[in-house]
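**Student:** Listed here are the chains, written in short residue letters.
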Amino acid sequence: MKNLWFHLMPYKELPDDFRDRHRSVWVDIDPGLLDPNRAHVMYNEFMDELEHAAEVGFDGICCNEHHANGYGLMPSPNLIASTLARRTEEAALCVMGNSLALYNPPIRVAEEFAMLDCISGGRLIAGFPVGSPMDTAYAYGQNPSKLRERYYEAHDLIMKAWSAEETFAFNGRFNQLRYVNVWPRPVQKPHPPVWIPGGGSIETWRWCAELDYVYCYLSYFGHKLGLRTMQGFWEEMDKLGKDRNPYRAGFLQFVGVAETRAEALSLYKEPAEYFYGRCLHVSPSFVQPPGYTTEATIRARVQSQVAAAAMQERGKQTKGGGFGGGATTWEEIIEAGYVIVGTPDEVAERLREVCTTLNVGNLMLLLQFGNMSHELTKHNTRLYAEQVLPQLSDLFSEWENRWWPEPMAGAERRAPRQVA
Amino acid sequence: MRSRSLRCNGAEVRVWEQGEGEPIVFLAGFGGLPKWIPFLDGLAESRHVIVPSLPGFPGAAGHDRLDDLSDWTAATLEILEGATDGPFGLIASSVSAPLALEAAAMQRQRIAKLALIGPFGIHDERSGAMDLWAQPPGPKSYPPLLCASPERFEALWDKPDDMDEIEWQVTEVRAREAAARYLWPLNDTGILKRAYRITQPMLLLRGGEDKLVPRACLEKLKAAVPGECLIQEVAEAGHLVELDQPDALARLINQFI
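Protein chains in written order, with numbering that gives the first Met the number 0: chain A, 0 to 419; chain B, 0 to 256.
Treat the hints as calculated values from the structure; they're not laboratory data. Hints are supplied without guarantee of correctness; some may be wrong.
To be verified - Residues on chain B that point at chain A, a partial pick, calculated with CB under 7 Å:
#1 P138
#2 R175
#3 A179
To be verified - Stretch by stretch, here's where chain B covers chain A in the computed footprint (C-beta under 8 Å, at least three residues):
#4 81-95
#5 402-408
Yeah, the Cβ is synthetic: ideal placement off N, Cα and C, and Gly gets one too.
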């Protein structure tokens with residue numbers, strides 16, 4: 000099984016009364032709330048945390064793309080990944096990812112991902128999300144009705160640009176380019192592994208199956224609520240005649256580890272309440288632009304996690320949680336499984352059960368969440384790496400993992416100059 | 000009410016008709032027309048009212064083949080040609096008004112007069128209009144946004160007993176998506192750049208309680224067209240005046256046409 004350390008890079012100093020005084024953490028968040036000098040400190044701590052995760056033995060480190068978002072300070076994940084490519088050696092660089100329809104022309108993604116794969120010596124996992132409604136339709140003004148069509152076309156263009164043996168013209172519905180010739184090309188052939196983060200879209204599941212990509216359900220609401228989605232995914236794989244290789248799937252889980260369960264409950268309460276109380280304070284006005292949800296998905300009665308959360312929040316005024324499954328207290332958040340906390344042995348046992356139940360071979364871990372301090376993040380990360388990860392590594396060893404990076408041999412790689 | 004269909008770009012388009020006399024065509028506003036509305040009876044008292052659906056709105060398919068304003072204008076012209084032969088008066092509400100304006104700019108002989116109700120197509124940053132496209136999901140968001148009497152919009156979209164609930168929901172959502180395809184994100188189609196070609200007499204109508212289209216937008220349009228243009232506000236009406244004040248609106252339009 001693969002353990003990947005995921006960073007959202009939340010702004011950690013949203014005010015206590017944020018929910019009461021502000022409409023949304025996303026899209027129209029008050030720019031006055033961000034102090035660039037504090038962001039300087041946070042960015043550097045966040046990148047240190049990602050590097051630390053790579054050093055202590057996580058299989059991969061992940062970053063992602065959000066815009067105008069108080070819990071995601073990465074409008075450009077490629078900037079972050081480029082520094083990680085230089086300052087880490089073995090961990091896979093999982094960029095989850097670039098929202099293809101936002102790039103004009105989309106070959107920008109082909110170029111930058113190829114650069115990352117070259118700089119890192121072939122360690123890139125290329126994430127291709129459609130992107131959230133808040134990021135794509137509202138923050139970036141893309142037409143939600145055409146987003147998926149643009150996304151599919153951008154994907155086709157990128158894949159062709161990575162593999163074409165000569166310059167070609169691309170005459171698409173949305174993109175017209177007379178000369179497509181991406182320099183450089185990725186180290187990994189025919190291309191880096193492609194992972195698709197998504198919600199519960201039937202089309203996305205089918206598309207992943209058709210193209211043999213990894214599907215990642217990046218839920219903030221834990222394994223219990225994720226079970227239905229992952230069951231839907233695997234049932235769809237069955238219908239399409241695909242095997243149940245767990246490495247076809249990824250799943251996101253919040254985790255807090257400590258020496259004792261009581262200590263874990265004490266340490267991670269505040270960061271969790273900060274995340275569920277402030278970071279997910281998304282206006283329901285921004286969750287369902289027209290055309291973003293396909294008719295097939297409406298017919299399948301699948302609702303996105305963010306829409307569900309925002310709509311639940313709309314109906315209540317109390318400070319605190321109340322997302323996804325309706326949990327409103329720290330105890331309920333724990334009970335609902337949004338966050339798994341405990342001793343290393345307890346966490347390992349729970350995660351083994353979760354991964355087995357969901358049949359997920361790529362576990363993406365949020366070991367920093369909310370306003371968790373740098374010191375606690377490193378503590379959590381180290382405990383997990385030293386005492387949890389070894390208990391999970393053997394899981395799914397009977398399956399072949401065809402979706403993991405294949406880096407250059409160590410002898411061929413060039414180490415960065417040591418900083419004095 | 001009589002019903003027929005025509006084809007546009009391979010897709011079927013529903014056409015409703017009522018009354019006799021000079022033809023006038025009505026293009027429905029936000030959400031389209033899942034049902035016949037009393038406002039159309041008022042128009043049909045002395046004229047031949049023709050009500051074609053636009054692609055993606057209730058009664059017509061094919062919106063997902065239309066990418067940009069040129070595609071939508073071509074489809075609108077095709078549908079208008081299928082709706083009636085000779086010169087006609089064109090009435091358009093809300094999200095269909097921008098397409099009526101494009102058609103009028105291209106077909107000055109056929110489209111004799113224009114009456115537009117709460118027309119989208121122009122953005123005015125200072126007016127503080129609400130964002131049509133940023134509304135919470137669910138059935139409660141749109142009625143108070145669109146009508147001074149929200150129950151009128153709710154009644155229009157009250158599901159018939161013989162209709163599947165999910166398919167009814169899909170119909171409603173599809174109509175929103177269709178309009179968003181050419182209006183996202185600011186509802187500005189750039190019509191002011193082409194307005195010099197709109198020489199037909201034009202009546203611009205607006206509900207006095209319209210939360211979506213400010214009067215400033217109508218003033219901009221009036222200033223941009225070379226022809227005769229009147230602005231008229233209707234009291235106790237929101238954005239969809241045809242639902243809030245059907246009789247008063249029909250009277251105003253009948254007098255103008």
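**Student:** Can you confirm whether chain B covers the stretch 81-95 of chain A, using C-beta to C-beta distances below 8 Å and requiring at least three such residues?
**Tutor:** violated (count 0)
**Student:** Double-check B/R175 for me: the hint is only fine if its C-beta lies closer than 7 Å to a C-beta in chain A.
**Tutor:** Since the shortest Cβ distance to chain A is 4 Å, the answer is holds.
**Student:** Let me know if the C-beta of B/A179 comes in closer than 7 Å to any C-beta of chain A, holds or violated.
**Tutor:** holds (4 Å)
**Student:** May I ask you to test the interface hint for B/P138 with respect to chain A, counting a Cβ-Cβ separation under 7 Å as satisfied?
**Tutor:** It is violated, given that the least Cβ distance between B/P138 and chain A is near 12 Å, above 7 Å.
**Student:** Can you confirm whether chain B covers the stretch 402-408 of chain A, using C-beta to C-beta distances below 8 Å and requiring at least three such residues?
**Tutor:** violated (count 0)
Of the numbered hints listed earlier, those contradicted by the structure are 1, 4, 5.
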